[in-house]
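Novice: Now for the letters of each chain:
2 protein chains.
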Amino acid sequence: MITGKNYIGNNLSSEGNITFKTFNPKTNTQNDFLFTEASDDEINQAVQLATEAFIQYKNTSGIKKSNFLNAIADEILNLDNDLLQIYKMESGLTIERAIGERERTIWQLRMFANLVKEGSWVDAVIDTSQPERKPISKPDIRKMLIPLGPIVVFGASNFPLAYSTAGGDTVSALASGCPVIVKSHPMHAGTGEMVASAIIKAAKKTEMPNGIFSNLNSSGIEVGVNLVKHPNIKAVGFTGSVIGGRALFDLANQRKEPIPVFAEMGSINPVILLPKVIRKSKNKIAKIYSESITLGSGQFCTNPGLILGIKSDDLTNFIQILANEIVKIEPSCMLHPNIIGNYEKNKAKIKSQKGVSVKAEYVNDVSKNFGQQVIMTVEGETFFKNTTLHQEVFGPFSLIVQCKNKEQLHEIVKNLEGQLTGSVWADNDEEIKYKSIIDTLQNRVGRIIFNGVSTGVEVCPSMQHGGPYPASTDSRFTAVGIHSIKRWVRPVSFQNWPQKLLPIELRNENILKINRLINNELTLNSI
Amino acid sequence: MITGKNYIGNNLSSEGNITFKTFNPKTNTQNDFLFTEASDDEINQAVQLATEAFIQYKNTSGIKKSNFLNAIADEILNLDNDLLQIYKMESGLTIERAIGERERTIWQLRMFANLVKEGSWVDAVIDTSQPERKPISKPDIRKMLIPLGPIVVFGASNFPLAYSTAGGDTVSALASGCPVIVKSHPMHAGTGEMVASAIIKAAKKTEMPNGIFSNLNSSGIEVGVNLVKHPNIKAVGFTGSVIGGRALFDLANQRKEPIPVFAEMGSINPVILLPKVIRKSKNKIAKIYSESITLGSGQFCTNPGLILGIKSDDLTNFIQILANEIVKIEPSCMLHPNIIGNYEKNKAKIKSQKGVSVKAEYVNDVSKNFGQQVIMTVEGETFFKNTTLHQEVFGPFSLIVQCKNKEQLHEIVKNLEGQLTGSVWADNDEEIKYKSIIDTLQNRVGRIIFNGVSTGVEVCPSMQHGGPYPASTDSRFTAVGIHSIKRWVRPVSFQNWPQKLLPIELRNENILKINRLINNELTLNSI
Numbered sequence: 001m002i003t004g005k006n007y008i009g010n011n012l013s014s015e016g017n018i019t020f021k022t023f024n025p026k027t028n029t030q031n032d033f034l035f036t037e038a039s040d041d042e043i044n045q046a047v048q049l050a051t052e053a054f055i056q057y058k059n060t061s062g063i064k065k066s067n068f069l070n071a072i073a074d075e076i077l078n079l080d081n082d083l084l085q086i087y088k089m090e091s092g093l094t095i096e097r098a099i100g101e102r103e104r105t106i107w108q109l110r111m112f113a114n115l116v117k118e119g120s121w122v123d124a125v126i127d128t129s130q131p132e133r134k135p136i137s138k139p140d141i142r143k144m145l146i147p148l149g150p151i152v153v154f155g156a157s158n159f160p161l162a163y164s165t166a167g168g169d170t171v172s173a174l175a176s177g178c179p180v181i182v183k184s185h186p187m188h189a190g191t192g193e194m195v196a197s198a199i200i201k202a203a204k205k206t207e208m209p210n211g212i213f214s215n216l217n218s219s220g221i222e223v224g225v226n227l228v229k230h231p232n233i234k235a236v237g238f239t240g241s242v243i244g245g246r247a248l249f250d251l252a253n254q255r256k257e258p259i260p261v262f263a264e265m266g267s268i269n270p271v272i273l274l275p276k277v278i279r280k281s282k283n284k285i286a287k288i289y290s291e292s293i294t295l296g297s298g299q300f301c302t303n304p305g306l307i308l309g310i311k312s313d314d315l316t317n318f319i320q321i322l323a324n325e326i327v328k329i330e331p332s333c334m335l336h337p338n339i340i341g342n343y344e345k346n347k348a349k350i351k352s353q354k355g356v357s358v359k360a361e362y363v364n365d366v367s368k369n370f371g372q373q374v375i376m377t378v379e380g381e382t383f384f385k386n387t388t389l390h391q392e393v394f395g396p397f398s399l400i401v402q403c404k405n406k407e408q409l410h411e412i413v414k415n416l417e418g419q420l421t422g423s424v425w426a427d428n429d430e431e432i433k434y435k436s437i438i439d440t441l442q443n444r445v446g447r448i449i450f451n452g453v454s455t456g457v458e459v460c461p462s463m464q465h466g467g468p469y470p471a472s473t474d475s476r477f478t479a480v481g482i483h484s485i486k487r488w489v490r491p492v493s494f495q496n497w498p499q500k501l502l503p504i505e506l507r508n509e510n511i512l513k514i515n516r517l518i519n520n521e522l523t524l525n526s527i
Numbered sequence: 001m002i003t004g005k006n007y008i009g010n011n012l013s014s015e016g017n018i019t020f021k022t023f024n025p026k027t028n029t030q031n032d033f034l035f036t037e038a039s040d041d042e043i044n045q046a047v048q049l050a051t052e053a054f055i056q057y058k059n060t061s062g063i064k065k066s067n068f069l070n071a072i073a074d075e076i077l078n079l080d081n082d083l084l085q086i087y088k089m090e091s092g093l094t095i096e097r098a099i100g101e102r103e104r105t106i107w108q109l110r111m112f113a114n115l116v117k118e119g120s121w122v123d124a125v126i127d128t129s130q131p132e133r134k135p136i137s138k139p140d141i142r143k144m145l146i147p148l149g150p151i152v153v154f155g156a157s158n159f160p161l162a163y164s165t166a167g168g169d170t171v172s173a174l175a176s177g178c179p180v181i182v183k184s185h186p187m188h189a190g191t192g193e194m195v196a197s198a199i200i201k202a203a204k205k206t207e208m209p210n211g212i213f214s215n216l217n218s219s220g221i222e223v224g225v226n227l228v229k230h231p232n233i234k235a236v237g238f239t240g241s242v243i244g245g246r247a248l249f250d251l252a253n254q255r256k257e258p259i260p261v262f263a264e265m266g267s268i269n270p271v272i273l274l275p276k277v278i279r280k281s282k283n284k285i286a287k288i289y290s291e292s293i294t295l296g297s298g299q300f301c302t303n304p305g306l307i308l309g310i311k312s313d314d315l316t317n318f319i320q321i322l323a324n325e326i327v328k329i330e331p332s333c334m335l336h337p338n339i340i341g342n343y344e345k346n347k348a349k350i351k352s353q354k355g356v357s358v359k360a361e362y363v364n365d366v367s368k369n370f371g372q373q374v375i376m377t378v379e380g381e382t383f384f385k386n387t388t389l390h391q392e393v394f395g396p397f398s399l400i401v402q403c404k405n406k407e408q409l410h411e412i413v414k415n416l417e418g419q420l421t422g423s424v425w426a427d428n429d430e431e432i433k434y435k436s437i438i439d440t441l442q443n444r445v446g447r448i449i450f451n452g453v454s455t456g457v458e459v460c461p462s463m464q465h466g467g468p469y470p471a472s473t474d475s476r477f478t479a480v481g482i483h484s485i486k487r488w489v490r491p492v493s494f495q496n497w498p499q500k501l502l503p504i505e506l507r508n509e510n511i512l513k514i515n516r517l518i519n520n521e522l523t524l525n526s527i
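Chain order of the listed sequences is A and B. Each residue of the first sequence is one higher than the one before, starting from 1 at the first, in this note's numbering. Each residue of the second sequence is one higher than the one before, starting from 1 at the first, in this note's numbering.
Check before you lean on any hint, since a few could be wrong.
Taking lysine-lysine and the BS3-like style, the derived pairs with C-alpha atoms no more than 27 Å apart in a straight line are [as the list claims (entries may be wrong)]: (1) A/K486 - B/K513; (2) A/K486 - B/K276; (3) A/K414 - B/K229; (4) B/K276 - B/K311; (5) B/K435 - A/K117; (6) A/K328 - A/K349; (7) B/K486 - A/K513.
A short list of chain B residues far from chain A (calculated; beta carbon distances all over 10 Å) [to be verified]: (8) T3; (9) D127; (10) R142; (11) V358; (12) E411; (13) R447; (14) T478; (15) K486; (16) N496.
Hints listed in this document are in silico derivations from the structure and should not be mistaken for laboratory results. Backbone N, C-alpha and C fix where the C-beta goes; we use that ideal spot for every residue, glycine too.
Based on the provided sequences and hints, a complete structural model is requested.
Specialist: What follows is the structure in structure tokens.
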């Protein structure tokens, strides 16, 4: 079933010399399949095919794109248990998690299928002419969103399905009318190839142009770098580390024609616990966070890595309860020896900083590659001054900062780097007293949560997944939900354009019955 | 009336050591006023004030912002003839042009005042909770656009009013809730100071926080560079050359926290003349382009600098007619000796390229600083190979490319750099035969025009002013029209957020009666 080859458009190909295997962290052994990294020639072929496919695909109707996306969902489901097994073998995650993530992937595909079938997402705006206007007549102008061109998507290590081969970036780009070239994540190249085969099958079945999708294997950075530098590539989607995302961002901006990079990167997702709620609900909140911090071995971008409170006996008690709770939880397998290696390294780095104390650490023997959770504490002033403590530790880790007072808490929040999420816990109306701190927090995050945890990212129109740098490279766009399609498009105006040459979305007759802003009024009417 | 000082928030200040004067190109003499460049201290003060003002301003209601913007319009009108005179003295442009540009500026202010008063522009999206959902309950999530923070706007040389101190960038940023610091254009520092005084008056009158607006003088690049590098600045608006825009773009991307730069830069605005329309309407089209090329001495970003046709006797005749027409037009004064200096230099550069011939040039004596129009021609193949010929010549210039056939025309269009606009002229249904060329052109431009000229940029919702690089640094946004506000904002999600802490746009009761997407349905209803 798994060939180890690249999909260059519809063709399986393995011309390169570099080969690699994936790793099963649960058994701590290499998997059998041998993958061949894409060669420079194969990269160029994939981009060339995508460039040609774009000419046809950008003008493909919403209904046809919708059929294609639904067919991808069907074909992924057809992979059935084979997919779940390879997912498990390449990630150390459970079958339950595989099923859940597949469900999310399918849901995303169907959601975008519905979005493009309905059609209003193109934001059609029409201003009809006013020939009689003085001193000069007003022309007829019509505007809508059109796709940018071939897109490169980097598979994420922590979501082998939902943010990889047919994940949020790929699906939103395909929905917009852009061909996609996936640089498959080396940790789950087999999962990637299997999903790619589903996409290719769906593309053939629904008669999509060859080159609309390619899947390239890679073991290092070269394939990704060459893709991002290729002049025909028009945008990049990435989920991963700040170092990786920033490197791609810099590369893309140094091109003769710079292109947008949507990198969803690091975040420590600060949590503010206000005094009254801690007094009243310390047991409940401690239990919730012991679970949230260790969920999926802390390998979520929304993992709560920073808890901020104001020093008090209640906070001390809370920390102790959280410490007691968190060590009760059984550690689970992390994605890869490299991931756990980095986790241990970063944990040790924080531990070695002056003023940091470990409050709880799971120390019992665990299987190889299992992540042992830890919580540490530090005083507000120490945290404020030492930016090493502000860095993400990817894994089941959280740092609790004990601020000396409200003012110090505010100063710390003011100086936080950009974050994907921020959470606030408060008792009845307690939040009113902290309005300015909350307002400051809101200005540093993409999503702000009240009396709840940041883990669990709903796929819905109101979701903003992305925040001020370094949470993401462009806080104006989301990586999750229907509006993520906006990353791959740009508006074009048609002035005095003949009806029959106009895209159907902009013609007088509202053939698709979509929402359009006509002469400043949102309407379903024809002209 | 003109002090030569900087506005650091509400205060006039001139602590720096560098002074400069503006220039009257019509009289070819320096103007009297002496301007003091902003010092490093003044720059930091302006940014600090803007940072503090943002805390209050970002939560200011749409009605209050609307009052502020309308007050700016009123105060600009109150400047009356004084403003028109200084405009004329610093630009060489006519009083009629000054009045027209002031009208556009006022219109933009009123338009954004209406937009923020109405309020739907924040794109409110609400997904209510589903506590009963399995396996986990769905939280309540609500999303809207919030402002980024202090913005730097660079005044444009060619629009002392409409794209400078209170121009499109400033007004859209202020409307969004961002404080603005203008780096005034050195060529019209007096016009800038006068408009700044109107903004400050309006800010005081409507009780806006001090620091919401500053106006900094500069004679070189230092002030702009220091502003863009300041960590508290969150985005940049710029209109000018590719070299200038790219330099700011690079600077902004090299920051620890990169920020978006919206640079509207160079464009040669290609025009395709199809064979049948040339045969039939050569006189009319030649007349239209003789006027469009020389309009405002060619100092518009939408000036048609490239005309593409297929070789024929009709095209030869058209070129001759255009040549005859264009020399009949009286040259007019350009903005500044530097502008005309560059025009002459770039003209000479194109003229010196192999295969280029001058078809018409205004050679009669003209006053100092008047721009003498010229049209040149070149064969398709020569143009295709020599990218020097693809560069913008800012001024009353156009290059006509004679393609040997349809295929060569298509190849040329395919390889054009990104453009603000592209135009197509066709006779009855002739365009159908050239559909693929037109489709290619559409992919290279931000606005595409049928049987009309690109000069004249309507300020309306359907306008896209911005195109693929190097037309602008971010083709996904427009610099003109209501949607230009989208450059200065980002979405934020509020999860399970208490009603009284929510922005009023997101509360259950639709207090502002704005359009909101509630559970996937666009509605004016409350919840």
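Novice: Determine for every hint whether it applies to the structure shown.
Specialist: Comparing the hints with the structure gives:
Taking the CA atoms of A/K486 and B/K513, the gap is about 26 Å. The hint holds against a cut of 27 Å. Only pairs whose Cα atoms come within 27 Å are accepted, and A/K486 paired with B/K276 is rejected, the gap being roughly 39 Å. The straight-line distance between the Cα atoms of A/K414 and B/K229 is roughly 19 Å, inside the 27 Å bound, and the hint therefore holds. For the hint linking B/K276 to B/K311, the alpha-carbon distance of about 12 Å falls within 27 Å, and the restraint holds.
Taking the CA atoms of B/K435 and A/K117, the gap is about 25 Å. The hint holds against a cut of 27 Å. For the proposed pair A/K328 and A/K349, the alpha carbon gap of about 24 Å is at most 27 Å, so the pair holds. Straight-line distance between C-alpha atoms of B/K486 and A/K513 comes to about 26 Å, which keeps the hinted pair within the 27 Å bound. Even its closest Cβ contact with chain A, about 35 Å, leaves B/T3 beyond 10 Å, as expected for a residue assigned away from the interface.
Its beta-carbon lying about 4 Å from the closest one in chain A, B/D127 breaks the requirement of being farther than 10 Å from that chain. Not every CB of chain A lies more than 10 Å from the CB of B/R142, the least distance being 6 Å, so the non-interface label is violated. No Cβ of chain A comes within 10 Å of the Cβ of B/V358; the nearest lies about 30 Å off, and the non-interface call holds. Non-interface status of B/E411 relative to chain A is upheld: no Cβ of that chain comes within 10 Å, the nearest being about 14 Å off.
Not every Cβ of chain A is farther than 10 Å from the Cβ of B/R447; the closest lies at roughly 4 Å, contradicting the non-interface assignment. Not every beta carbon of chain A lies more than 10 Å from that of B/T478, the smallest distance being close to 7 Å; the non-interface claim is violated. Annotated as non-interface, B/K486 brings its C-beta within 10 Å of a C-beta of chain A; the closest such distance is 8 Å. With 10 Å as the threshold on Cβ separation, the claim that B/N496 sits away from chain A is violated: the shortest Cβ distance comes to roughly 5 Å.
Hint compliance for this structure: hints 2, 9, 10, 13, 14, 15 and 16 are not met, and every other hint is.
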